[in-house]
Amino acid sequence: MKHFKIYITLFLLMLTSSRLWSQDISVSASLDTNMILIGAQTNIRLQMIQPKAKTVYLPMITDKIGDKVDMLSFSEPDTTVLSDGRLQISMSILITSFDTGYFAIPPFEYKYNVLNDSVYSSVNTNALLLGVFPLKVDMKKGITDIKPIIEEPFSIKEIIPYIIIALIVIVLLIVGIYVYKRIKNHKPIISLPKKPKIPPHIIAKKNLDLLSDKKLWQNGFVKEFYSELTEIIRSYMEDRFKFGAMEMITEDIIANLSKLELEKELVNETSKVLELSDFVKFAKVQPLADQNSQALKWAYNFVEKTKPIEKLNDKKEEVEP
Amino acid sequence: MEMDIKELNDLIQKESSFVDLINIEMGKVIVGQKHMVERLLIGLLSDGHILLEGVPGLAKTLAINSLAKAVNVDFSRIQFTPDLLPADLLGTMIYSQKKETFETRKGPVFANFILADEINRAPAKVQSALLEAMQERQVTLGDVTYDLPKPFLVLATQNPIEQEGTYPLPEAQVDRFMLKVVIDYPTKEEEKSILRSQITNTKPENQKILNAEDIIRAREVVRKVYVDEKIENYITDIVFASRYPEKYGLDKFKNFISFGGSPRASISMALAAKAYAFIKRRGYVIPEDVRAVCADVMRHRIGLTYEAEAENISTVDIISEILNTVEVP
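Protein chains in written order, with my numbering: chain F, 10 to 330; chain L, 472 to 800.
Incorrect hints may have been included.
[Stated by the list, open to error] As a list, the in silico EDC-like pairs of lysine to aspartate or glutamate whose alpha-carbon atoms are at most 20 Å apart:
1. L/K701 - F/E278
2. F/K251 - L/E798
3. L/K718 - L/D646
4. F/K232 - L/E780
5. L/K577 - L/D559
6. F/K293 - L/D475
7. L/K701 - F/D33
Keep in mind that the hints were calculated from the coordinates and are not lab data.
As the structure is a computational prediction, the values presented were derived from the model and not from experiment.
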């Protein structure tokens, strides 16, 4: 009996689901399908034809249509000019329902001006009936999704920012490790190409030439002469023999030189000159002019006799057949 | 007028003849310990007080006793104990019932040579009283200020072990000692000589070979010893390196030094170097002299941080590194 009533109602609705007219405005509503499964979606199609000069207001669409039908979205009105000059305005409303049964969708109201802006009249669409049916559950299969999960299409654009961030982090890590290692090993962070090191004897000879050109002792600056002379030789010793001659007293310098394979006479002479230099520097001693020139001569001689032996000849011999 | 170095050398040759004699006299009773004897002479000649530190039995007291005996001057030995009072040291005013007035009773500090034995065993007020007398060279009893005799030399000893119940000298007070000499054990040969000399019955007696005037005259000669500007720069460089190690390429010590040498360190180093040059019969100071006295002048003037103590770094390590870093003129 209950089903019979429903079918009668549906039949009556079908009969009235034609276009409704008011003056020269016609409106209609229809469903893509009037029977859906629970949770499935369907569209209500609204159509209105009106004269071009008439102002007609579209119906108000709310989240709930009736009691049990939910509005999901609705499209923008689509206006088409018909051949007779009238306008056809169409729109669709996406609906669903999560209850089962037959649900009436009430008519949609279109308002329009009658005389002037203050007097309105309206025209309603036909009512609709939507049947929502439960899904047959196969108890053997258990609970399953109604639809499978939609797979998002893979897009390279989406992962590009992550790739860039990862690359920046990797670069920063590499730079950080490099800087840490350089600092830990007491090395400059950016190592510039090293200039070829000038051998110490070349530097010493050049400095001795400069000292000789200054003619310090000849002009009465004896103390300055001996200070510079000993500084040049001590600096040379430091670079040549790798002991801290600049931070050593005469006694320690001689002790260090004695350990090296140097001529005994040369070491003795060095001792004498360094002691004389100490006298001049710290005891205001004024040596004879001859002693000054001898000291300079000793310096040249010391550098010459202790400079590293060049292995050029050996190489040549090796190359020659 | 500035004296010619040659004249000064001649004067030093003449005035320093007692150095050998003192060495001989002290050698009669002290075996080895040449470093300590030399430092005692430096203190004597440069008017600087000396703090001797060493474990018990290293002849610290005996050396000072022998030096005092070799010099014909007044000598007082004060054993510092926890119950010692400043008045026991400096003297006090005593009421005379007979005269009905207060009479001054001078303490043992009124002597030329003072041996302050185990100075760190007396409380701070006694140490302070002695150290004030050392600095001002005068003592005030009641309303009257008394000058201490000349020469006035304090030779203090302290024991690095047995710290319980001691009162360590504060940095400001320890700075008043020109030299802090650390005494080490004798060598095996020296130990044998000590053993032989002590098990025989003969006890050598020191002869008095000097008097107060000789010392004052020698001190005047020591003051004349020439110190070149280069040596002055060397001394200030060493002291500054202890204050600002990072400026001398010693960044590693920056966190180990809480305070460096005071200006008193520079003065003491120059005076001690002069005295050392005098002992070596020279009228001028050379870098060797500065290096010879540097450790004894600086070791008690450098403050170490907790980091240094945790890293087991001593002041001697720092001084040694400074000497190996600062350029010799």
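Tell me, in ascending order, the numbers of any earlier hints that this structure violates. Per hint list: 1, 3, 4 and 7 violated.
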